[in-house]
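Asker: For the record, the sequence lines run as chains A and V.
Quick note on numbering: the first sequence equals residues 300 to 534 in the working numbering.
Quick note on numbering: the second sequence equals residues 300 to 534 in the working numbering.
Heads up, a few of these hints could be off.
What the hints assert, rightly or not - Mimicking SDA-like on lysine to any residue, the simulated pairs with C-alpha atoms at most 25 Å apart in a straight line are:
no., chain 1, residue 1, chain 2, residue 2
1, A, Lys422, V, Tyr436
2, V, Lys456, V, Lys501
3, A, Lys456, V, Asp473
4, A, Lys456, V, Ile467
5, V, Lys422, V, Ser354
6, V, Lys456, A, Pro441
7, V, Lys456, A, Tyr436
8, V, Lys501, V, Ser358
What the hints contain is simulated information worked out from the structure, not anything from laboratory work.
The structure displayed is predicted, hence computed values, not measured ones.
There are 2 protein chains.
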Amino acid sequence: MSPQRAVILLSGGLDSATVLALAVRRFDVYALTVNYGQRHHLELDSARAIAAHYSTRISPRGGLMEHREIAMDLFGGSALMSPHPLPHHPSTNTPAIPCTYVPARNTILLSLALGWAEVLGAKAIFIGANAVDYSGYPDCRPEFIEAYQQVVRLGTKAGVETNTAPVIHAPLIDLPKAAIILMGQSMHVDYSLTTSCYDPTKEGACGVCDACRIRLEGFSRAGIKDPVHYRSEKR
Amino acid sequence: MSPQRAVILLSGGLDSATVLALAVRRFDVYALTVNYGQRHHLELDSARAIAAHYSTRISPRGGLMEHREIAMDLFGGSALMSPHPLPHHPSTNTPAIPCTYVPARNTILLSLALGWAEVLGAKAIFIGANAVDYSGYPDCRPEFIEAYQQVVRLGTKAGVETNTAPVIHAPLIDLPKAAIILMGQSMHVDYSLTTSCYDPTKEGACGVCDACRIRLEGFSRAGIKDPVHYRSEKR
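When you get a sec, could you build the whole thing from the sequences and use the hints?
Answerer: Pasting the structure below:
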């Protein structure tokens with residue numbers, strides 16, 4: 300009997316790379332990367348590199364079957380078009396999106412994963428949400444994931460007809476970054492392929508943004524050198 | 300004090316046109332149309348025509364502020380790209396999507412509406428979901444909407460910080476089509492602008508698909524002539 304299918308949200312960051320390593324041990328995995336405009340192109344390159352890395356490791360117990368990308372500039376640009384802008388009441392008081400927060404991000408990402416999961420008949424959806432490092436994000440908390448699971452149960456054919464709705468797995472949700480890194484290391488995750496920095500360039504990660512800071516602290520606490528290059532380091 | 304903001308999912312069909320007429324009586328409305336590949340281009344034209352119709356009716360009590368479109372071919376074509384298809388295990392046993400069912404459709408649509416609602420600080424999201432005519436769709440039932448409301452409460456800044464998450468309004472959820480039409484007529488909805496047919500052409504609606512059949516039966520029970528042209532009718 301071949302393994303069950305799972306859809307994973309693969310961003311190209313450290314967390315989702317670790318979750319992918321977990322998922323391929325037990326499932327036939329379909330990885331979904333959503334380019335929603337806020338993310339740097341280098342992060343997409345990372346997602347592709349991670350997917351390519353796992354595409355060579357198919358086993359009877361599971362593996363990465365396919366990697367898909369959706370391009371989607373949410374409320375920020377090209378994918379959201381306004382062919383008939385209405386001339387009245389211009390919305391001048393629309394608040395700016397905070398630079399690291401995407402409104403309803405995980406709700407949207409999980410919905411897209413759910414759509415693909417229904418098509419595939421997948422029994423699991425994996426997401427690298429983490430409540431410890433991003434406690435300010437409401438959609439990274441266990442209670443959000445539980446509420447979303449109920450939507451999946453009630454809003455899908457599989458859930459309603461046969462009580463076999465996909466199960467949402469957020470295996471990192473309450474782990475500190477160092478524990479995630481140690482877990483990933485035990486599964487030989489190649490963290491050199493991942494991108495966490497909010498402002499990466501070809502010369503490396505900035506080393507000072509929130510994402511770099513959390514990442515570097517995680518590697519430090521884990522007692523492991525971060526294999527990613529930082530711009531402040533000599534090559 | 301200006302009215303509160305609401306986001307509405309506007310498909311171009313009869314139901315969402317009726318919901319729009321309800322919403323503009325009380326809210327500053329932002330209409331979102333998602334072209335997810337399955338929909339005929341003429342339905343998008345209808346959404347645009349309905350939006351244009353309401354853009355001239357701004358009042359102190361509310362009105363249509365803006366109409367946006369998102370193009371998004373979910374799991375069917377151009378927006379979903381696969382730049383790195385993995386050669387192993389081709390997914391030959393992927394079941395086909397039923398022709399009128401889009402996996403996780405309302406979950407995805409509500410997520411996109413929620414994203415915009417958060418940006419706008421909107422207090423309401425309107426959806427024309429209807430459990431009576433589409434009882435086979437799990438995501439058109441009141442219990443689905445309730446579960447989704449819980450996700451909105453727990454997954455948004457407004458919900459977590461100030462208990463002011465957008466409220467999901469599905470005012471048609473338990474109404475038969477004839478009641479929807481009579482309600483719309485009382486609000487002077489121009490149903491000639493709407494498209495329900497799964498296979499409309501410039502010569503008119505087919506008159507025989509499920510959507511046409513349900514629509515025609517609704518108008519018949521309401522004792523009103525459907526203003527839309529059907530291909531079988533003489534001009």
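Asker: Identify every previously stated hint that the structure contradicts and give their numbers, smallest first.
Answerer: Violated hints: 2 and 8; rest satisfied.
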